[in-house]
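Q: Below, each chain spelled out in residue letters.
There are 2 protein chains.
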Amino acid sequence: MASIQIIILITLLCQRWCDAGSVWPMPQIMSTSESMLKITQEFQFETDVPTDILNQAFQRYRKLIFLGPLPRHEPGAAVNPNRDAIKAVGNLTKLFVQIDDVSANLTLNSDESYSLSIHAHPQPVAFLHAKQTWGALRGLESFSQLIDATYDGFFIQETKIVDYPRFKYRGVMLDSARHYLTLDVILQNLDAMSYNKFNVFHWHIVDDQSFPFVSLTYPQLSQHGSYTPRHVYTPDDVQMVIEYARDRGIRVIVEFDTPGHSSSWRSIPNFLTPCYSKNGVPNGQFGPINPILNSTYTILEDFFREIKKRFPDQYVHLGGDEVNFSCWQSNPDIQNFMTQHGFGDHYELLEQYYEHNLVTIMEKIGLRYIIWQDVVDNNVKVDPNTVVQVWKTSPSYKAELAKVTKMNLQTILSSCWYLNYIGYGRDWERFYRCDPQDFKGTQQQKNLVIGGEACIWGEYVDSTNLMERFWPRASAVSERLWSSAKVTNVDAALPRIDHHRCYQLIRRGLRAQPINGYSFCQAEYNVVMNHLDRDEL
Amino acid sequence: MASIQIIILITLLCQRWCDAGSVWPMPQIMSTSESMLKITQEFQFETDVPTDILNQAFQRYRKLIFLGPLPRHEPGAAVNPNRDAIKAVGNLTKLFVQIDDVSANLTLNSDESYSLSIHAHPQPVAFLHAKQTWGALRGLESFSQLIDATYDGFFIQETKIVDYPRFKYRGVMLDSARHYLTLDVILQNLDAMSYNKFNVFHWHIVDDQSFPFVSLTYPQLSQHGSYTPRHVYTPDDVQMVIEYARDRGIRVIVEFDTPGHSSSWRSIPNFLTPCYSKNGVPNGQFGPINPILNSTYTILEDFFREIKKRFPDQYVHLGGDEVNFSCWQSNPDIQNFMTQHGFGDHYELLEQYYEHNLVTIMEKIGLRYIIWQDVVDNNVKVDPNTVVQVWKTSPSYKAELAKVTKMNLQTILSSCWYLNYIGYGRDWERFYRCDPQDFKGTQQQKNLVIGGEACIWGEYVDSTNLMERFWPRASAVSERLWSSAKVTNVDAALPRIDHHRCYQLIRRGLRAQPINGYSFCQAEYNVVMNHLDRDEL
Chain A
1 MASIQIIILI TLLCQRWCDA GSVWPMPQIM STSESMLKIT QEFQFETDVP
51 TDILNQAFQR YRKLIFLGPL PRHEPGAAVN PNRDAIKAVG NLTKLFVQID
101 DVSANLTLNS DESYSLSIHA HPQPVAFLHA KQTWGALRGL ESFSQLIDAT
151 YDGFFIQETK IVDYPRFKYR GVMLDSARHY LTLDVILQNL DAMSYNKFNV
201 FHWHIVDDQS FPFVSLTYPQ LSQHGSYTPR HVYTPDDVQM VIEYARDRGI
251 RVIVEFDTPG HSSSWRSIPN FLTPCYSKNG VPNGQFGPIN PILNSTYTIL
301 EDFFREIKKR FPDQYVHLGG DEVNFSCWQS NPDIQNFMTQ HGFGDHYELL
351 EQYYEHNLVT IMEKIGLRYI IWQDVVDNNV KVDPNTVVQV WKTSPSYKAE
401 LAKVTKMNLQ TILSSCWYLN YIGYGRDWER FYRCDPQDFK GTQQQKNLVI
451 GGEACIWGEY VDSTNLMERF WPRASAVSER LWSSAKVTNV DAALPRIDHH
501 RCYQLIRRGL RAQPINGYSF CQAEYNVVMN HLDRDEL
Chain B
1 MASIQIIILI TLLCQRWCDA GSVWPMPQIM STSESMLKIT QEFQFETDVP
51 TDILNQAFQR YRKLIFLGPL PRHEPGAAVN PNRDAIKAVG NLTKLFVQID
101 DVSANLTLNS DESYSLSIHA HPQPVAFLHA KQTWGALRGL ESFSQLIDAT
151 YDGFFIQETK IVDYPRFKYR GVMLDSARHY LTLDVILQNL DAMSYNKFNV
201 FHWHIVDDQS FPFVSLTYPQ LSQHGSYTPR HVYTPDDVQM VIEYARDRGI
251 RVIVEFDTPG HSSSWRSIPN FLTPCYSKNG VPNGQFGPIN PILNSTYTIL
301 EDFFREIKKR FPDQYVHLGG DEVNFSCWQS NPDIQNFMTQ HGFGDHYELL
351 EQYYEHNLVT IMEKIGLRYI IWQDVVDNNV KVDPNTVVQV WKTSPSYKAE
401 LAKVTKMNLQ TILSSCWYLN YIGYGRDWER FYRCDPQDFK GTQQQKNLVI
451 GGEACIWGEY VDSTNLMERF WPRASAVSER LWSSAKVTNV DAALPRIDHH
501 RCYQLIRRGL RAQPINGYSF CQAEYNVVMN HLDRDEL
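Heads up: the protein sequence lines correspond to chains A and B, in order. So the first sequence is residues 1 to 537, counted in the numbering used here. So the second sequence is residues 1 to 537, counted in the numbering used here.
One thing to keep in mind: the hints can contain errors.
Because identical chains cannot be distinguished in the list, a pair is counted as satisfied if it fits within a single copy or across any two copies.
[To be verified] Listed below are the simulated SDA-like cross-link pairs for lysine to any residue, each with C-alpha atoms no more than 25 Å apart in a straight line:
{"hint": "1", "residue 1": "Lys278", "residue 2": "Ser396"}
{"hint": "2", "residue 1": "Lys406", "residue 2": "Asp247"}
{"hint": "3", "residue 1": "Lys392", "residue 2": "Gly517"}
{"hint": "4", "residue 1": "Lys392", "residue 2": "Asn516"}
In case anyone wonders, no lab produced these hints; they're calculated from the structure.
Isolated chain A (complex conformation) (with noise of 0.2 Å):
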């Protein structure tokens, strides 16, 4: 009883205090003073500028502004105060934003730093600076967290933000194989990613289980890999995706799987190893690629090719993690080839030649790679722009992340973040609790530490629960990958994000799960704010 009476209060205050001028997640510096300044219908975005992706941007941002308003503060309810009149000093009619080089291409290298003034005197005055297009999309977005949504209009306080990411690679990995996942929900995901400031999209496009990716150049893959003919993803579903992304400030990083996890490449004769049974016959079943036959490397620098040209990223995924050596250790070809090459019955020598011979297929072609650290645990050489994400749990991550910033390589974190992994009640908070630089090093090292990636994989999950499960969880990396290192307070997060999920997923129409035990949302899912009007109001 006591402490649902504190938590209501608590509820309360953060009616008043925590609605209005909350940005998730938190910037690096932000100050507000008391003076509010209304937004009316008149209000636009301005810029001398004009590029498709701001204009697109500032269409997008006017309309989630512009979305309510939401009866914050209404009489009579149990836990609401009551109602004050908001006295604004001014309105606020535009924002004008200010881009240094709006030819800067969307990289792993982009500037994303912006600033942010509102301003209540002498006159009301907004304005957006940023030395890229894609930190102006970081800055329209904190703005449009900045407004105050309420029955007497749109207000947002005087403001002041400079801000910009700690870390340059905050990714998010879906999993399209295991499931599939209908275009509707990855274009949903994009938008919340963008909602919270993340900027890679690593696409776990195919997998054993199902080849969803239509390739140009080997259509069979998906004729004979995809679970039926409509669970694809046509060019024009990949451009989409690439373009919605790119629209966002979301770089897409697509995942090829190999040499294991490849079982549905197997429409490609002689790509997969044939496995023996003990008598020494082929047993029908297929294992890893085949690494011995040169067809293999034609083969996959042909596809890669198109890859190159179809995906604009300077990156691809690679994979590289959990290749299972028995069906190579049964077949005799691949015994002899062993032998040939003086490997013995090391096949991780074997799993190095085949990836030694794939990033060199990626040097020639001009294709920089993420790989899963299986690779370089294999002792696999690899180029110095390699970005290796860290996975494992055990043995321990931070020894991982030592590991591989003394090798000189940049590293991405996931051990903690498998998100597809559930249990009952607040893991939120140890999402939020883990931090990438959180390892012995040196300075140096830790600067190799470029991010991480919240990653969900998809054996239970699909287009029916992937946005719900995801989000919010996924907000408490995206505040650990873009605030300051030194934003860890979990109590002082808790309002925030529950604040977060109301106004920015929720009523902006996404399903985003309650994570903290008991609460309620002005608009709740599902409800469209005009109908909420009801009699009783």
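Given chain A, work out where chain B should sit, using these hints.
A: Same frame as chain A, but now just chain B:
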């Protein structure tokens, strides 16, 4: 790799074998022949007892049957067999529905048995017979599940079903107090319940955290106890839920949990117990309902008289769980009352006193009741018609079932079916294995177990995630409660529950999560069938 091939093989066999003629929950007796009948758009339901409920059910099931052909056997896709043309021996143009007594009310003792015959020879005839409307509704659901939708049209096998529920109480409990559930999601859940032959919606409508129920007798309850004036269920809302449920053969049993779990009743003066601090003054906080005032029982009688008017079911749920004694202990008036009544320090006697008065009111106004096990654990004498809901896991629920039935009381089990508890992987198998009659007792005791209830408490559940989190996990409970006690094979249930998820939940527009690892549905959630007819088909 090997295991993947085997699963693909099972999937492939299942495409042929599991799809047609699979009914969930499994009917008591069912046989099919190889003879196939075609169902065209001319198909009609017919009856000589055209009640509103039946006519509406006909309309509903006609829509559900013709939801759009599923391209089940398309060529080319990896895990699909080559398409076989389906050969029908004739057209089925109608299902004739006969009901012996259409006037029978929906109660705990309603008859839900039915028999269904689809004959191919000498000519196509289909006949559904039920004693009461409620059995006809179950038969229509089974009929709809028998129909195989393909690109060649709609087909049904020659089939004979004789079916009836193992238990007469098959409940689902939703909690709309910890989080508000929108009307829309409550109705969706009723749809899902009817597809699973559940017959009781136990509505845990209020609790400490909020009071969304709009009472006409005490309107201040929701005015001051709801999260906001929009987080309420108006009389129209409640009426709609009751009618929507009844149309599907589902009783609505509303719960008003007292004397604990009642903080949200605080707007009624002198109804909750004032708590005192150690120096003997009221501390401004309130505990359970005040059991020592006569006014308490007047209020309760008035309130439950309204409930009796507004909810047609014979039963109401009185709660009675988890009464915290600390506030009662602090209050000097309560202490005096305890002394006067010779209760000593035994606050469970005071709870007994309260419950005794409450059930006496129920007898007076003519309501039967369900109570959580705590009430009988505290030795309150209850009406012989009482249903005791066993929910605790410790001490053993089997011992509790034995104890309660030894007291000659009816009981329902929920201990093993708290579906709000989630974890990674296949937890439905655990729900499936739990049996309400699996305890030491006489046959007479076993007969007093009238069913069970799948509960989903609302701390981490609202309209964003209720449907996908609850379904199809709750389907495991539905089969346990409807089908023969012999239907226990998890391996056999696995492809059937997957099929049920795809065809009876997702295809019908309900979010139901994948629960068995990687898989696909022919029609995934949010992909409208017609949109699937892409260029490649």
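Q: To test your reading of the hints: which numbers does this structure violate?
A: Per hint list: 1 and 2 violated.
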